[in-house]
Every structure is written in structure tokens, then in C-alpha cells.
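Q: So the chains spell out like this:
2 protein chains.
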Amino acid sequence: MSHEQPDIVYLDHAAATPLADDVLEAMRPYLADQFFNPSSPYLPAFRVRQAYEQARADLAHSIGAKPAEVVITAGATESINIAFASTRGHTVATAIEHASVLACAQARDHTLVGVNGNGLVDPADVAAALRPDTQLVSIGLANNELGTIQPLRAISAVVAQEKQRRLLAGDATPLYLHTDASQCAGLADVNVSTLGVDLLTLNAAKAYGPKQVGLLWASSRVRLAPVLFGGGQERGVRSGTENVAGAVGFACALQQAVATRKDEARRLADLRDGLQRRLCQTFDQAVVSGHKRHRLPSYLHISFPGLDAERLVYLLEERGVLVGTGAACAANKATRSHVLEAIGLPDDVADGSLRLTLGRLSTEENTRRAADAIIEVVQAEYDRVGAR
Amino acid sequence: MSHEQPDIVYLDHAAATPLADDVLEAMRPYLADQFFNPSSPYLPAFRVRQAYEQARADLAHSIGAKPAEVVITAGATESINIAFASTRGHTVATAIEHASVLACAQARDHTLVGVNGNGLVDPADVAAALRPDTQLVSIGLANNELGTIQPLRAISAVVAQEKQRRLLAGDATPLYLHTDASQCAGLADVNVSTLGVDLLTLNAAKAYGPKQVGLLWASSRVRLAPVLFGGGQERGVRSGTENVAGAVGFACALQQAVATRKDEARRLADLRDGLQRRLCQTFDQAVVSGHKRHRLPSYLHISFPGLDAERLVYLLEERGVLVGTGAACAANKATRSHVLEAIGLPDDVADGSLRLTLGRLSTEENTRRAADAIIEVVQAEYDRVGAR
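Chains as they are written, first to last, in the working numbering: chain A, 2 to 389; chain B, 2 to 389.
Bound-form chain A, shown alone (with noise of 0.2 Å):
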């Protein structure tokens, strides 16, 4: 992070982040001379896994929950497949959720729950895609896409309303409210007992951490079943030689992140509400997504109708400036986002949309500079399809 390309302005942090000096120092050891395998029987071995366990036990902390219930794992997606092979049965999710969520839904009976124009869930919409067989709510925390935050308490009170009715029913099927709150660590509370979720997955990759690494944390409640067979680590939930720099690296991240989260999204408001004002005061036309309130205090995702994003793109990226257009990992597939689709934005807006998110490398100065290029160049754009 220290060696930031001055001239580029970076507004996609959503789709990456950069690993933070600090982080690279604390995992610097594990690189080096602590490379021994933590299941090996002498003591220099026996300190690397007390780091690793270590680094556990941060991440719970940082998180308020118990040590114990962290599955370290190498990266979102893994989490999430964890969560759903710890459950049958029936699941609802949101139409919005992150590929992985939705594949995984959709490798089994499921129901999509639709979402308001704002990207937000309405908690009866959930009640009422509610079975009697439905074991898994999954509900990403924060859209990936429009930063959209969710109303998890809400929801969560839906679940246990039916937790409570079953219970009565002396109906011992059990139901579990997982939520990939993969975008969120840093800019909007983590903590698993204020959501009142019992499933919760993070990612170090977008918290200034190491890149494939990730975690699954699982009230005691659920019992968590492997996806990968083998050595039986992670007490026989995630099989593999443990990643000792990368639980680190994200311990160390996951802390920072919580530490500054205050700070940093009242920093990022400010400088993403600027943004998004100069753009909208300067294009009548614009079209922001997303929650007005309740949404990821770094995302702005904003539509110039009749443009072509993917040209915005390039001639952003010809004057430094740096932005997504969706989900990163759909951006290469050349399909329109699944998300800007159940929010019913038209073609016509969705094709023109780009994803700005900012981070720690965003400043007043570069924000500045980045709403001048992207004015320069919509404006530059709108007049050469004349539609301005």
C-alpha cells in the first residue's frame, strides 16, 4: 500500500484491496523462519500453531464471538459452500446475493426473494418464503454490487419467530440465518450478536488482508460438515495445512478494520456523498442505486442512461481513474449484473452503470480528481451519442 501508483486513482475497492503494510509485516514471520508445519510435534512447530490460534482468536474477537466457532478457511466462497453443506433442506435467499450464494442455493430447493428498487429486502418477504422444511435463510449482509445494507435484525426476528413456532410445534427441524457479510468488515458492523445471525462469513481480501483467506464463523448451535475431505483440520471442517501467514494477515486486518471502522465511514461518506453530488448536480440524467441510508458508506453506484459503461471504463482508466462496473468476478462474463435486474433498473440504465467504491487509498484530492475525469468524460460521451 505503500507503493501506490500516485497518478491512479483506485475506486473499486470492492473489488480488491491492497494488502496493508502492517498486515505484510505481521505476516512476514510465517513467511520466513516460521514455516513449520503447526501439526509438527516439536516446540518452534507447537509456537506456529499457537499464532495460528492466535490469530483465531482475534478474529473472534474482533467479530464478539467465541474462538472456538471460527472455521479459518481460504477465502468467501469456501465459507459460504461450508454453511450451505451444514444444511439441507429447503433455502431462502435474496435475489441480489453474491454468484456463490445463489450457486449454492441453487444446487438445492430454493426460494429467491425479490428486493425494493433500492436493493433492500423487506423481512415479510422473507417470512412468507418461509417452509416448514426451509433450514437456511442466506442474506448477504451488504450488496456487492449497490452497498445496499439489509436489515439483518429484522430478519433475524423472523427466524426466530419460526425457530419459536416450531419449537412449539414440538418440530425439531432446525432453520439458521447465514449472512455473507463479505463487504462489510470495516465499514459497517460485523459483530455477530448485533446482527443475530448463526452463520457468518468474511473475507480477508476485502479488508486490506491477504487474498484467499476467509472465515466461517457458526454459533455452537450448528454443526458445521466439511466440504473437503482429508487431514482433518479445522476440527474436521476444513481439511488442509493450515494457512498460518494468512490467518495473520487477516486477524491482523480483521482488527484494523474494526478499530477504524468509525473513523473510516464517516471519512468515506463524506468524500462518496461529494462525489456523488457533483456528478448528480452536473448529469440531470444520473441514476444512483442503492439504499439512500442504509447502504455501504464507500459504494456509489451510479447509471448514466444511453452510455456504454464498459467505454466509461476504458476512457476512465485512459486518465487514471480506476472503477467496476459490477461484481468483479461477473464483470468478465459479459451478462448483464442478475442484481441491477431485480431492481428493476432498464436496460438502457443498468448498461450505462458504473460500481465506484472507495477505501483507504481515496482522498479529497484524488476523489476530486476522479469526479473531474468522470465528468470530463460522460460529458464527452453524452455529446458524441447526442443524447445530451
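Simulated from the structure, these hints should not be mistaken for lab results.
Please note that a few of the clues may not be correct.
[To be verified] Computed from the model, here is a short list of chain A residues facing chain B with C-beta under 8 Å:
| # | residue |
| --- | --- |
| 1 | T18 |
| 2 | P19 |
| 3 | F36 |
| 4 | T78 |
| 5 | E311 |
Glycine included, each C-beta is placed from N, C-alpha and C at the ideal position.
We have chain A; now place chain B onto it with these hints.
A: This is chain B only, laid out in the frame that chain A set:
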């Protein structure tokens, strides 16, 4: 690796290898500036994608394969699980496979083939275990406790014969040969054509590369199936944001391992043979397990009947010598090794077993020092228990 503790003699390279300096150097840009999501739509992200694809090409080249046939995974356990998920029906494996292969095999209809006292499987036994519904034969190239190298070519011929039989009988049931070669990079030939396999697993962490990175090579005849559902990366086989730094590091490590294999294998075999000679000359009762010739040059599995290996590990550690007792992932489970059971080692011999594995940290000087320490400790223990 530059920081190795000068006083410690590390004889557990099979459990973990230190990250090579130039491997970390190769990874560094992707741990810093080049943090972009390879699926993002701008040029700096595309360059990261190119580096990732170059790593895949280099990995493929190192094993004599085509880039499109290589899936980059989060480690050997995941590779093995994908290999199994991609095949159905009856499976044949040996009784001495790594926990991961055993766990996958045991989750379905399978036959475990025995091995002889050297840990060698007889291809005729594999042939006898094949059934009309067998679709996968999974046999580790070298056993991870003994270092015994299996006759993969001969087993490949057995598999080819059964394929031929099915072809002539008009039977379309597929049959694939998978090998877990995790212990072998840099120590044995891992060229897929030479081995005659259909699927091959490798692990970066055992070859001076980063932890939690592996590969699964599959010939184009094999249709791979995912274990994890998600964003569809790695052509749908392995979803999850790509670990670019890990892949680049693995490619660098594997290239080095392959390039230096012959010289390093000779060097290690000399050191190992010297160590073995000294220990066996000093202790008549010492039992060396593993095949005399068909053995990884880095391996010395030696048992001291009547002694307790865990005490030996502890006493050796006091003298700065780090050794293993078996597979690291099984070592802390306080169960007797399934490998030593399979080769028919009596319990009192098995319980006094050390797995000494040499590697890049081994020198003539420190291997001699290790031999001195082992002789001292084993002698003291025999004196103490009065068995000599």
C-alpha cells in the same frame, strides 16, 4: 530461508518447507502494488490476469502439460477432492495413501490395495482390485511417511489394459489414474507423460513455495467437476477470487524444483545415505522402512525398537534437531500410523519411528550434527530403558 536459525537442524522437510527467497521476491509485487482483482475490467487488472495465466503456463510447462489442463487450487487437499468429485463409481487406492485420499475414498465404494513390507504396491494387486465399475485409481507417487516411490508406469499400464478391455467390450465406463505427487516436486520426476497418469496433484508448500496453494492437472479427457460453487473462476472448477501471488510463487518454486532436481536429488541421497549408514552401524536393532532403491532421496524412515518416538523428538529438539514421527497432520492425533500398520511393522518398532526428511536446509555439516545428536539421544534412551 535466509533467516534460518543457525543452530537448528531441520529434518522435517516433508512436513513443511521454507519459502525460497526468490519465490517470495516473485510474489512480492502481487502482495503490494499489483493487488487488483484479475477479473476487473481495467488494464492493471488485466496485467494481473496475465501474470496469473503466465504462472499457470509455467506450472504446466514444469510438469510437461498444457496450461488449459492445470487448475490452480488452495492446496493438495482441494486438488484431491476435485479429482474425486470429478469421478464416480468404485475407487481403488492403496492402504498407505495420505489422509486426504483415504478420506475421499472412504466416502464412497472403494477397495484399498495392500503394500509389501517396503511400502510398495504390486501392479498385479491393482489389476486384481479393478472392477467393471471402477472409475478411479488413486495412488500417491511417493508415500509421505516412507518415501517409497510407487511403480506408476506399471500401474498406468494396468489401467490402460482395463481401458482397452472396456473399449473392446463397448463399455463406456471411464477409468482414470490420479496420483498425489505432493511430496515429489524437486525430488522425483513429476512429468505427467512420463508417469502416464490422467490426474496429478501437486502442493506448493512442500516445494519451497507458499502455503495453501496447489494444482490439479487433468488430461483433457477428464471432465472436472467443482467441489465449491461460486463465481465460476478456473473455468467453473474452482470458484473464488484467484490467489495471484500464490500462483506466481508456486510457478517460481516448481520451476526451480524441476530445474535443480537431478543435482539436488543426488546431493540429498548422499547425505541421507551417510546418515542412514551411521545410524544403522551404531544401532544394530534399527529398522529402516521404505524401499531401498525406489525411495525419495530425502527420506529416511528409521525405527528404534523399544523406544518412544515422542520422547526422542523431545530430546532431539533439546539438542536443536527437529524431526518428525509421521505425517504432520496425523502426528498430533496420538494414533498409530496407518502406513506402518500396512507394512506390518510390529507395534514396538512402529512406536520408536522417526521420519527424517532432508531438504534445502540440509548440509553435510548439519546432517553430521544431527547424526551425532540422534546417536547420543538414542543411546541414552536405550541405556535408560535397559533394552540394550
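Q: Which numbered hints turn out to be false for this structure?
A: Per hint list: zero violations.
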